Amino acid sequence: GQQLNQSPQSMFIQEGEDVSMNCTSSSIFNTWLWYKQEPGEGPVLLIALYKAGELTSNGRLTAQFGITRKDSFLNISASIPSDVGIYFCAGQSNSGNTPLVFGKGTRLSVIA
Amino acid sequence: EAGVVQSPRYKIIEKKQPVAFWCNPISGHNTLYWYRQNLGQGPELLIRYENEEAVDDSQLPKDRFSAERLKGVDSTLKIQPAELGDSAVYLCASSRTGGVTEAFFGQGTRLTVV
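From first to last, the protein sequence lines stand for chains A and B. Everything in the first sequence is counted per this note's numbering, starting at 1 for the first residue and increasing by one. Everything in the second sequence is counted per this note's numbering, starting at 1 for the first residue and increasing by one.
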């Protein structure tokens, strides 16, 4: 089946630093989504991307849909302690007909 | 707007016992998903409903798992009998239609089988 590779698996950063994480796939996706999950909670949708090359921001978060349609990245600028959590990418190859496939997540720790 | 509601939040059962989870999706969302999330992994789809019809249940272990979505609103997921390997977080999500990818998740039910 389809698999998404997320990297890095985990990262420790100082408060105020910028963060970058990415997600790659062996197959083409039409949709990329980025979610954040905190302990004991369900994933919360951060950003949705629907077009190759699309760059979308949500506050300090910016995500891009790769031109090849096989990758996406998420940047967090000026990190703060509440950014701590696990960030998941998810992709869908055919809208409405195939399920979302999730990566294994990037665990972010922010040191104050 | 109320989010996806799941219950219970936590469940501990002995192996071979049955267990059921309940989900109420966001009002107006026709598509409902059940995902399973193992420790350290991303969510994996178990079943997807469009209204009351299960349109994708290829990953549902049908020998012990069953689901229903009567009347196309809330849904239940059942495991009978439970096995130790079923310990995981079971997440319910919903979206407006199958053509809209943005799925919104509930808080999940953490199942521990002992």
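Rather than coming from a laboratory, the hints here were simulated on the basis of the structure. These numbers were taken from a predicted model, which means no experiment stands behind them. Hints should not be assumed to be uniformly reliable.
[Claimed, not checked] Residues of chain B placed beyond 10 Å of chain A at every Cβ, according to the derived structure:
#, residue
1, Ile12
2, Gly40
3, Lys62
[Said to hold, decoys possible] Facing chain B, according to a computed beta carbon distance under 10 Å, are these residues of chain A, among others:
#, residue
4, Gln6
5, Glu41
6, Pro43
7, Gly85
8, Thr98
9, Gly103
10, Ser109
All C-beta atoms in this analysis are idealised placements derived from N, C-alpha and C, irrespective of residue type, glycine included.
Structure-based check of each hint:
no.: 1; hint: Ile12; result: holds, 15 Å
no.: 2; hint: Gly40; result: violated, 7 Å
no.: 3; hint: Lys62; result: holds, 17 Å
no.: 4; hint: Gln6; result: holds, 8 Å
no.: 5; hint: Glu41; result: holds, 6 Å
no.: 6; hint: Pro43; result: holds, 5 Å
no.: 7; hint: Gly85; result: violated, 13 Å
no.: 8; hint: Thr98; result: holds, 8 Å
no.: 9; hint: Gly103; result: holds, 5 Å
no.: 10; hint: Ser109; result: violated, 15 Å
Checked against the numbered hints listed earlier, the structure breaks hints 2, 7 and 10; every other hint is satisfied.
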